[in-house]
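S.K.: Construct the entire structure; sequences and hints are all you get.
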Amino acid sequence: MIAVLALIAGVVLGVVLNPTVPDALQPYLPIAVVAALDAVFGGVRAKLDGIFDDKQFVISFISNVLVAGFIVYLGDKLGVGVQLSTGVVVVLGVRIFGNVAAIRRRLFKA
Amino acid sequence: MSDEKTQPIGPGPGEEPTVPLAGAAGDTFAAETPDTGTSAARSPGAKPSTGRSPSAKPAADKAVVDESPAAEISDTAAAEAGSAGSGDPAAAERSEPDADAPSDGVRKRISGAGALIGVLLVLLGFTLAVQLKSNSADEGYNSLREEDLYVILADLDSRADRLRQDIAELEATRRELNSGASSREQVLKEAQERADDIGILAGTLKAQGTGITLRLSDGSGPITANHLLNAVQELRGAGAEAIQIDGNGGSVRVIASTHFVDVGGGGIEVDGVRLTGPYTVTAIGPEDLDKAMEFRGGVVDDVRGDGGNVIVSDPHPVDITAVRGTPNLEYAKPVS
Chain A
0 MIAVLALIAG VVLGVVLNPT VPDALQPYLP IAVVAALDAV FGGVRAKLDG IFDDKQFVIS
60 FISNVLVAGF IVYLGDKLGV GVQLSTGVVV VLGVRIFGNV AAIRRRLFKA
Chain B
0 MSDEKTQPIG PGPGEEPTVP LAGAAGDTFA AETPDTGTSA ARSPGAKPST GRSPSAKPAA
60 DKAVVDESPA AEISDTAAAE AGSAGSGDPA AAERSEPDAD APSDGVRKRI SGAGALIGVL
120 LVLLGFTLAV QLKSNSADEG YNSLREEDLY VILADLDSRA DRLRQDIAEL EATRRELNSG
180 ASSREQVLKE AQERADDIGI LAGTLKAQGT GITLRLSDGS GPITANHLLN AVQELRGAGA
240 EAIQIDGNGG SVRVIASTHF VDVGGGGIEV DGVRLTGPYT VTAIGPEDLD KAMEFRGGVV
300 DDVRGDGGNV IVSDPHPVDI TAVRGTPNLE YAKPVS
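These protein sequence lines are chains A and B, in that order. In terms of numbering that gives the first Met the number 0, the first sequence has 19 at position 20, counting the first letter as 1, and numbering is strictly consecutive. In terms of numbering that gives the first Met the number 0, the second sequence has 82 at position 83, counting the first letter as 1, and numbering is strictly consecutive.
Each hint should be verified, as a subset may be incorrect.
What the hints assert, rightly or not - Incomplete in silico selection of chain A near chain B, CB under 7 Å:
| id | residue |
| --- | --- |
| 1 | A5 |
| 2 | L28 |
| 3 | F60 |
| 4 | V81 |
To be verified - Now the in silico label distances, taken between C-beta atoms and shown as ranges:
| id | chain 1 | residue 1 | chain 2 | residue 2 | range |
| --- | --- | --- | --- | --- | --- |
| 5 | B | R144 | A | V14 | 23 to 31 Å |
| 6 | A | P21 | B | E170 | 41 to 49 Å |
| 7 | B | A167 | A | V79 | 40 to 48 Å |
| 8 | A | P21 | B | V150 | 23 to 31 Å |
Stated by the list, open to error - With a straight-line cut-off of 35 Å between C-alpha atoms, the simulated DSBU-like cross-links for lysine-lysine are:
| id | chain 1 | residue 1 | chain 2 | residue 2 |
| --- | --- | --- | --- | --- |
| 9 | B | K332 | B | K205 |
| 10 | B | K132 | A | K54 |
| 11 | A | K46 | B | K132 |
| 12 | B | K332 | B | K188 |
| 13 | B | K290 | B | K205 |
| 14 | A | K76 | B | K132 |
| 15 | B | K188 | B | K205 |
| 16 | A | K76 | A | K54 |
| 17 | A | K54 | A | K108 |
Don't read these hints as lab results, they were simulated from the structure. Even glycine gets a Cβ: it sits at the ideal position worked out from N, Cα and C.
M.R.: Here it is in structure tokens:
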């Protein structure tokens, strides 16, 4: 409940404040968002499975974002930024799909 | 917090109170007050929590139930302690549901790891909105890397080149069309002139110019169709460009198909129009048209020889006003 409200509040804030993304952050932000989404879906799944752990969630959220950002950064430095960020997105996408599938099975038994 | 509180816990956590903290952790949502941590409180709280949590889960719930009144204080204290040790907030929150104290519970529910999660999710939502917005606003160029931008730049360059080429071609075409338009005007003008000439020759347009008039009238003998035909032929032979015959009964423009028929009882039918004398033949042509009429065996000779009267005027500006309608060609088509 709180989580959903927080998410909505964040979106509203983003829309209302309408900040511009600093140039330095621009390559990382999308990946970070995807990584965070992965953590969120993982959290939802854990919640449904009854094994949700705050600490684990917080840590996975932060580490996901940091690692994703770091990978993109490293890729940029290595000259394979595009490919590497594509890889990150693919991996995270697969994970998100897996989590969503688990959530779906739990909610709809299908 | 106060040493008093921590101390009771201190010993407690070692065995008993710690248990509830850890055990409750399984399901409960985060609830702790992050601000309360003091170094004193932290150290006792943190240690036990880390050490104990794996070991004493099942026992926890029972212990809590038994102790509930007493545990409350210790729980809060423990919560604070846990929160203060930022590394392990979970332990603290877990105490909350056990405590069951409504006011405390509500306040705690919105604190601790829950608050942290809330903050993270607010951040996520915020970033999501910002990213979506900036992405839609900038058509994605913002998130592109240098090499992509190079490729795009090269694309744009070549496209600009192509467009410049197109512009040059189109301008050339435009120039061509412009000059074409002027030549088209020229052609139109010539065509108009040509149409005018032909119109005059065909008798569909009025004409004016220098010319002569022949006045033919009956004398001892009548003017016949033959005389008029001769006169027209002589005039044409001399270069007349437009000829008109007037008489009592109308005016007739002489064209290629003009014919003359004597009518019984006097008069001549010219192209179906019956005229009676005197006749006036008006012709536009060369300046020496009048002289051409007076050759031996010419019009004047011819008419006078048959007893008619003919008067040839000197060349002067004349108007030819009779016109023919434009014929509708039904069978003949122009070649090419």
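S.K.: Give a verdict on every hint.
M.R.: Okay, the hints, checked on the actual structure:
| no. | hint | in the structure |
| --- | --- | --- |
| 1 | A5 | 4 Å, holds |
| 2 | L28 | 5 Å, holds |
| 3 | F60 | 5 Å, holds |
| 4 | V81 | 6 Å, holds |
| 5 | B:R144 with A:V14: 23 to 31 Å | 27 Å, holds |
| 6 | A:P21 with B:E170: 41 to 49 Å | 45 Å, holds |
| 7 | B:A167 with A:V79: 40 to 48 Å | 42 Å, holds |
| 8 | A:P21 with B:V150: 23 to 31 Å | 24 Å, holds |
| 9 | B:K332 with B:K205 | 26 Å, holds |
| 10 | B:K132 with A:K54 | 31 Å, holds |
| 11 | A:K46 with B:K132 | 30 Å, holds |
| 12 | B:K332 with B:K188 | 24 Å, holds |
| 13 | B:K290 with B:K205 | 25 Å, holds |
| 14 | A:K76 with B:K132 | 27 Å, holds |
| 15 | B:K188 with B:K205 | 19 Å, holds |
| 16 | A:K76 with A:K54 | 32 Å, holds |
| 17 | A:K54 with A:K108 | 28 Å, holds |
Hint compliance for this structure: no hint is broken.
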